[in-house]
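**Q** So you can see what is in the structure, the chains are spelled out below.
2 protein chains.
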Amino acid sequence: MPKISQKAIEMPSSPIRKLVPYATEAKKRGVHVLHLNIGQPDIKAPQVAIDAIKNLPTNDVAYTNSEGVSSYQSGLVNYYKNNNINLNVKDIMITTGGSEALVMVFNACFNDDDEILVPEPFYANYNGFARQTNINVVPITASIENDFALPPIADFEKKITPKTKAIMICNPSNPTGYLYSLKELEQLKEIVLKHDLFLIADEVYREFCYDGHTPISILELDGLKENAIVIDSVSKRYSMCGARIGAIVTRNNELISVLMKFAQARLCPPYFGQVAAEAALNTPKEYFEEVKAEYVARRNYLVEALNKIEGVYCPMPKGAFYAVVKLPVENADEFAKWLLEEFEYKGTTVMVAPASGFYSTPNHGMNEVRVAYVLKISELKRAVIALEEGLRAYKEYKNK
Amino acid sequence: MPKISQKAIEMPSSPIRKLVPYATEAKKRGVHVLHLNIGQPDIKAPQVAIDAIKNLPTNDVAYTNSEGVSSYQSGLVNYYKNNNINLNVKDIMITTGGSEALVMVFNACFNDDDEILVPEPFYANYNGFARQTNINVVPITASIENDFALPPIADFEKKITPKTKAIMICNPSNPTGYLYSLKELEQLKEIVLKHDLFLIADEVYREFCYDGHTPISILELDGLKENAIVIDSVSKRYSMCGARIGAIVTRNNELISVLMKFAQARLCPPYFGQVAAEAALNTPKEYFEEVKAEYVARRNYLVEALNKIEGVYCPMPKGAFYAVVKLPVENADEFAKWLLEEFEYKGTTVMVAPASGFYSTPNHGMNEVRVAYVLKISELKRAVIALEEGLRAYKEYKNK
Chain A
0 MPKISQKAIE
10 MPSSPIRKLV
20 PYATEAKKRG
30 VHVLHLNIGQ
40 PDIKAPQVAI
50 DAIKNLPTND
60 VAYTNSEGVS
70 SYQSGLVNYY
80 KNNNINLNVK
90 DIMITTGGSE
100 ALVMVFNACF
110 NDDDEILVPE
120 PFYANYNGFA
130 RQTNINVVPI
140 TASIENDFAL
150 PPIADFEKKI
160 TPKTKAIMIC
170 NPSNPTGYLY
180 SLKELEQLKE
190 IVLKHDLFLI
200 ADEVYREFCY
210 DGHTPISILE
220 LDGLKENAIV
230 IDSVSKRYSM
240 CGARIGAIVT
250 RNNELISVLM
260 KFAQARLCPP
270 YFGQVAAEAA
280 LNTPKEYFEE
290 VKAEYVARRN
300 YLVEALNKIE
310 GVYCPMPKGA
320 FYAVVKLPVE
330 NADEFAKWLL
340 EEFEYKGTTV
350 MVAPASGFYS
360 TPNHGMNEVR
370 VAYVLKISEL
380 KRAVIALEEG
390 LRAYKEYKNK
Chain B
0 MPKISQKAIE
10 MPSSPIRKLV
20 PYATEAKKRG
30 VHVLHLNIGQ
40 PDIKAPQVAI
50 DAIKNLPTND
60 VAYTNSEGVS
70 SYQSGLVNYY
80 KNNNINLNVK
90 DIMITTGGSE
100 ALVMVFNACF
110 NDDDEILVPE
120 PFYANYNGFA
130 RQTNINVVPI
140 TASIENDFAL
150 PPIADFEKKI
160 TPKTKAIMIC
170 NPSNPTGYLY
180 SLKELEQLKE
190 IVLKHDLFLI
200 ADEVYREFCY
210 DGHTPISILE
220 LDGLKENAIV
230 IDSVSKRYSM
240 CGARIGAIVT
250 RNNELISVLM
260 KFAQARLCPP
270 YFGQVAAEAA
280 LNTPKEYFEE
290 VKAEYVARRN
300 YLVEALNKIE
310 GVYCPMPKGA
320 FYAVVKLPVE
330 NADEFAKWLL
340 EEFEYKGTTV
350 MVAPASGFYS
360 TPNHGMNEVR
370 VAYVLKISEL
380 KRAVIALEEG
390 LRAYKEYKNK
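Chains as they are written, first to last, in numbering that gives the first Met the number 0: chain A, 0 to 399; chain B, 0 to 399.
Bear in mind the hints are in silico, worked out from the structure with no lab data behind them.
Hints are supplied without guarantee of correctness; some may be wrong.
For identical chains, the list gives no copy identity; a pair is met inside one copy or between any two copies.
[Claimed, not checked] In silico BS3-like cross-links for lysine-lysine, where the CA-CA straight-line distance does not exceed 30 angstroms: (1) K80 - K224; (2) K89 - K17; (3) K53 - K284; (4) K80 - K2.
Start from the sequences and build out the full structure, keeping to the hints where you can.
**A** Encoded structure:
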């Protein structure tokens, strides 16, 4: 039979989804599995977006412009303006989710074997997108002891080679919930200008910043016209993960013009999703206030409860809806699997995402897991109890 | 400023869209442009599909399974069964249009610099997808004199090297409208088995076969379990180009399992589009009968009218809704541009797609254009008149 590609063999599996078969088995045994592993919010999409879909103006389901529906692009210009960012319509290219935005940017910016520096832990699929486009992610390790703040710039400098073409951050961060400060962003600006690099910021969690913190976009920094590339998405902002609508935002005209060739090859982003996303721009402010209040309550409950468990440490996230948590185990991959395969407490267990998949340095984050606080507090409570009991039982199991 | 990639520089522009700026200018001058250049049907999507969107069951716009909504996969198994093809749910992976299906297959099957043999002229974006995934399309030239039938198998044999990994066809063909016979497909089967190659068939125009011809899928051929990969899409079938829903269909289990890694990295195909596509499976038979009758009438009118013009030759397409037409000009690229820039007849001109963009052999198809019969007959009539007058005027212009 014909051989599959080397790229396919080397393509990493999703660390978030790889335990799914064990969860399925647990459910078959009648165990209730509480999902702390996924970033699928249980929040409803804004009614304005759903109404727009239900009131589709026409039966024409034609290709849209390759760069997206013009009126939606204009709407986004206005959205950014309200976020203190002045853009032109041509600076925004609508994509099929943030995922396609990343692949397009990687294709347009990087040659084979080029390197991008990324603070780790990072969103695990960056590895997959890098593998698909023949580039290498070079991790710069952030530490849980430092609450995952930007690693020292000297650590970036040390890793810069002639192959280095970009630095990429996720802000606020999936998986750590860390929110970069203006000072940290200025440091990144300095180093990308010094070495003539692109600065890519995945800002899809922009709306989810807590405790009065304001997110700062790299588009707000002066002097980065040619360097700054923002990856955006409606998936989390409006709880519309399934719409698959994202965007590339850059004032680099040359980049936009080559991106257009990739955009035209795949014809256009999804029409229905764009209808919903454009309408979602009119989501009332109260929607976000409610959603944020809910996430803050969940975060506060979860982080406090986790830190009360012996040997557990969870930094307080300032944004997004994830946290990376240190557990008193040697191998969180094994522990997470054990929770699904061997454990239950009063008919319940908990599923977490081992953090090792969010590091690209081998054997890093082995005692960490990512949790997402996308469950109601009542469910989070049950999940924390199951986790605490699980840790206790696992310790006994290991000492046997 | 940071440099864009070599890949981006080499990425071809869409031959279908590259004349668009000239058309825009013509429209600004008040000239009515009749579009024979695009494959955007003017047919409405089936009402059942639109109704499904308008009656969305929930406000949850969550990620679907990475391989697609299960009930839609099952629905497609049934669709294929009605087309005499027996499949399992796991043989079908839902994608973001046929475009993503092709990129995923190229990534999963081919190493850098691998070669795929493709009869030319072929769908121009194959070149772009190949460039994105670092593979090479090796064209096997079909000729208009032979109505674009499969080139002799000896021509394929001559081009097979250790790098050759697949043969790819589009059946019925965009841009030629050619429908491969069982005999031709059996020849392809023999050669792919002999050389252990994948056989990829883009069958998105399956429903559009005329004059009693029945399309034959490579999935109907015995012995190709590991080799056959079908690219499918709802874009043309239900006139839902904007839904961006396609599929990869293969009985090769290993391939499906590695495709899943690429599918999971990009999370899922669009949810709204899948809702519409699943509902569209219940499109009444009469819809297709009406649509086909309309296309046949358009095709018959257009092909007959074109062949009446002096020096023009248009083979009779058996499927899809395109034809490649030989014109009495030396350089159809120049002529097509001239039609938009310099010409009008009673306030009207016509836009065609130069066929050179559908060949990858340099300087092939220089006197050919692709036309799509996706306009009403009344419009086609005006387009043919404009083309005939254009050819006459262009001849005078060139002889000046």
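**Q** Hints numbered earlier in the text: which of these fail when held up against the supplied structure?
**A** none
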